[in-house]
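Line by line, the protein sequences are chains A and B. So the first sequence is numbered by numbering that gives the first Met the number 0: it starts at 0 and just counts up by one. So the second sequence is numbered by numbering that gives the first Met the number 0: it starts at 0 and just counts up by one.
Think of the hints as simulated: they come from the structure by calculation, not from any bench. A hint or two may mislead.
[Unchecked claim] A short list of chain B residues far from chain A (calculated; beta carbon distances all over 10 Å):
1) Val-203
2) Asp-361
3) Asn-445
[As the list claims (entries may be wrong)] Taking lysine-lysine pairs in the DSS-like style, the calculated list, with each CA pair at most 25 Å apart, reads:
4) B/Lys-129 with A/Lys-249
5) B/Lys-490 with B/Lys-507
6) B/Lys-265 with B/Lys-490
7) A/Lys-249 with B/Lys-174
Model, not experiment: these values are computed from the prediction. Backbone N, C-alpha and C define an ideal beta-carbon position, used for all residues, glycine too.
Spelled out from the first residue to the last, the chains are:
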Amino acid sequence: MKANLMDYRNRARTGPLWSLITVVVLSATILACGDGFENGKPGLIRIGVLPDQSRQSLISEYSPLIRYLIETTSLDIELVIPDGYQQLLDDFHSGRLDMANFGGLTFTQAESRSGAEPLIMRDVDLRFTSCFITRSSSDRRSVSQFEGRDFAFGPRLSTSGHLMPRHFLTKAGIDPERFFSSVHYSAGHDETTFWVRDGRVALGVTNCVILGSLFAARQVTENDVRIVETTPAYPNYVWAVQESMRPSVKILLRDAFLALDARNPEHRSLLQHLGAGEYMPARRGDFEDVRIAAATQSSLEASDRK
Amino acid sequence: MTGREAKSSYVFRYFYLMMAAVMIVAAAVIVGLFFTREVVREAQERANLYNLGSAALATDFGRENQSILDLLDRPAAFSGTGTDAGDAIRSGPDARGILSMLSTILTQLQELQNRYQDPQFVATLDRIAKRLEVVSAAVNEGREEAARDAISGLDLAIRQFYRQHLVAADEAYAKTESAATRALSLLGAVVILVAAAFLVTWTVTRRLRSSMARQEAAEAALAESRDRMHRMQKLEALGLLVGGVAHEFNNLLTAILGQAELMLGKSGGDERLSGGLTEIRRAGQQAAALTRQLLAFSRPQPLDTRVVDLGDLIGEFEGMVRTMIGEDIQLTVECADDLDPVELDPGQMQQVILNLAMNARDAMPEGGQLRITTANRESGRRCVVLTVADSGVGMDEATLSRAFEPFFTTKPMGRGTGLGLSTVHGIITAAKGRIRIDSRPGSGTNVEIELPSSPRPADAITLVPPPLEAVGGSETVLVVEDEDQIRAFLKQGLGGLGYRVLTAADAKSGLEQCRAEHLMIDVIVCDVVMPGVNGVEFLEQARRLQPRAAAILMSGYADDVIQSNSAGEMDVPLVRKPFELFTLARLIRERLEQS
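Put together the whole structure using the sequences plus the hints.
This is the structure in structure tokens:
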């Protein structure tokens, strides 16, 4: 009993000392952390991709890239194909994936949920645009002249067909539901184009790349539809890594992408296979518009659900 | 006492230790913040260089590349043979200048890189260097296509490099921002910690101090009440002793005075004898006055209320007061002429005035003025106001508020009982009067006593009764007294006046006498305190046997109060010892006449 009392007293006396030591160590840790640059070989790097095609075509699309990365970085890398968009986000969040190829919207979700860090993106990813189109016979020259007319977005969840066009319209002071007499959502970018061609809506917005391919396939002609305005460029796809990934590994992976050179024949086929001219370092700031658009969209959806 | 001090000092030490620890932590954090500021400053500088410096260098690169392309596009330069064109490029001062400028920019970039030892640009920088070499080689060799191709490759590497720097700048900015935020929140936390520690320490110390003060006050109060009780017990014991002594003295004095008186009566014309006896009687009377004072101290006397003129009463005491206060104090007495009579016990009034005068004297050790005034006043009721004012040191409010408390005294231990003013208060209240004290330090004390006017005319005051003729008679008197000397004196004295005197030493023999002298006893004179049955009880029994007999009680002891009170209820007069024969004789005559 006496010994216990003594212990208690000693503890009470050293209390301030302990708290002092704790605080000093804590502050030292806070001040020192984040500057470490570790050496040594990292473990297996698992890379996930956006499952926007069939499993087989994804494997055939990305396998050459994985091979190239293994050769260049000497890291152990594995390709992971998730079952869906949500699976990709969940796997990245749980840490089962070290790196992933996200769409614009999915990246902002992964960023806010798991702190995903953008690493690298294709040159085309940096400059994605959406096109506002009308019938060629129309004499209106800007979106603002379509007040009180019928209008069509692409699919509700599409970045280029809905999310970004709505964002830029809002930014320009146009509230589609008030500005146009009616607002429709199509099932795809091609459908939007056909609606405009057939005169079902006066104005529509669509993915410029897909519009180009429709022109190329002669499914629509310059006599049918005409581009009224194009949205500012926004990023749409990005390779992102876990924020906690070792800086040395991040640099290795990024430099491997940056080293891809179209003048090198081997690289050229790989770049063409990936639909890229070249790769550029990605910045968080690139996604500001997508982030705002996604936040607006989710708050709109939330108010719709009410 | 020591235990509490030890405990409190331990607690205080603990808090001071905590405070010291908090201060050290705060100092450490502030030093840490200073270094953080340095780190932040450096990161910010780096971010600026990445962002602005590398942007400028990339622009320079781009511009120089463009110049080379312009050079390649100049038709004249490539109009001739390949060799000529090559010569033109080689010999053109522009091409060499531009290439050397490019390599200068590259060197600057490499210096920038070396300065920060940042591994993330190494590969890109190497690529730029390699591609610049390819451009140089192609230009030097005059291979136009290869040069264009090499320049587009160089452009890509530069754009990548530039973007990479933007990313690095972003990161550095974010880092400085988060470090600044962290530093700020840390500083805020420390400020809150220090403030909270101060607050807690302050509150706890204050509470501890106030609780200690309360405890000390309680202990002081306890000590004071213990002290008071001690004084009270002392006084009680003293009162008991004095009362007992006074009682014995009174009995003796009654005998001395009585015998002296008797012998004075028998002395005839012998002047030498009567002179000596008169001296004995005077000395006895002085001794009697002394025992009265002793009794007054020991216990309050039964009220002997009379209707008096206060002015006359004060006139009687004036000499005594003057003697008591001494020559340094000038006494002024002013009494209104048409003063209303008041009802009071003159003896007690004397006590009141002497007490007040004594206090006044003590308040004026250097001398001063004492004014005693009386006046009528009409304030709701008609009353007489007695004012005793001195020019002494006065009292502060704390003393004033406790002035009437029994045993409260400002006089040194051993001087003054602290009973003076409380006795005064008791007496005045008993007389249905009011007392008020006005005083301020340095401006004297003013005591004002208000006594209700009496509708009855004032009695003549006779503090020293005039010598009376002893009145005699032939009736039968029964004296019951246990003191042999007094019994003998009364038998002799009353017998000398013509009475038939029967004596009894106690109640038992007194009752026997009553039975024997059936209906023949006219007056019973009886002592209150007797062994066995006391005087009052004896009288009750004796009156059954002798219902016609008048009765007188004699008392020499303060404790007779209760008995004498019940005697008052029985309408029996009380004679206080020591008395002189003629006092008793007159009372006996009065009683006989009444019956």
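Results for each hint:
Listed as a non-interface residue, B/Val-203 keeps its Cβ farther than 10 Å from every Cβ of chain A; the least gap is roughly 15 Å. Residue-level check passed: B/Asp-361 sits 57 Å from the nearest beta carbon of chain A, beyond 10 Å. Every C-beta of chain A lies more than 10 Å from that of B/Asn-445, the closest at about 62 Å, which supports listing it as non-interface. Proposed proximity of B/Lys-129 and A/Lys-249 is supported: the alpha carbons are some 23 Å apart, at most 25 Å.
Between B/Lys-490 and B/Lys-507 the CA atoms are separated by roughly 19 Å; this keeps the pair inside 25 Å, and the hint holds. A C-alpha spacing of about 16 Å is found between B/Lys-265 and B/Lys-490, which places the hinted pair at or below 25 Å, so the restraint holds. With a C-alpha separation of about 17 Å, the suggested pairing of A/Lys-249 with B/Lys-174 holds against the 25 Å cut-off.
Comparing the model with each earlier hint shows no violations; every hint is respected.
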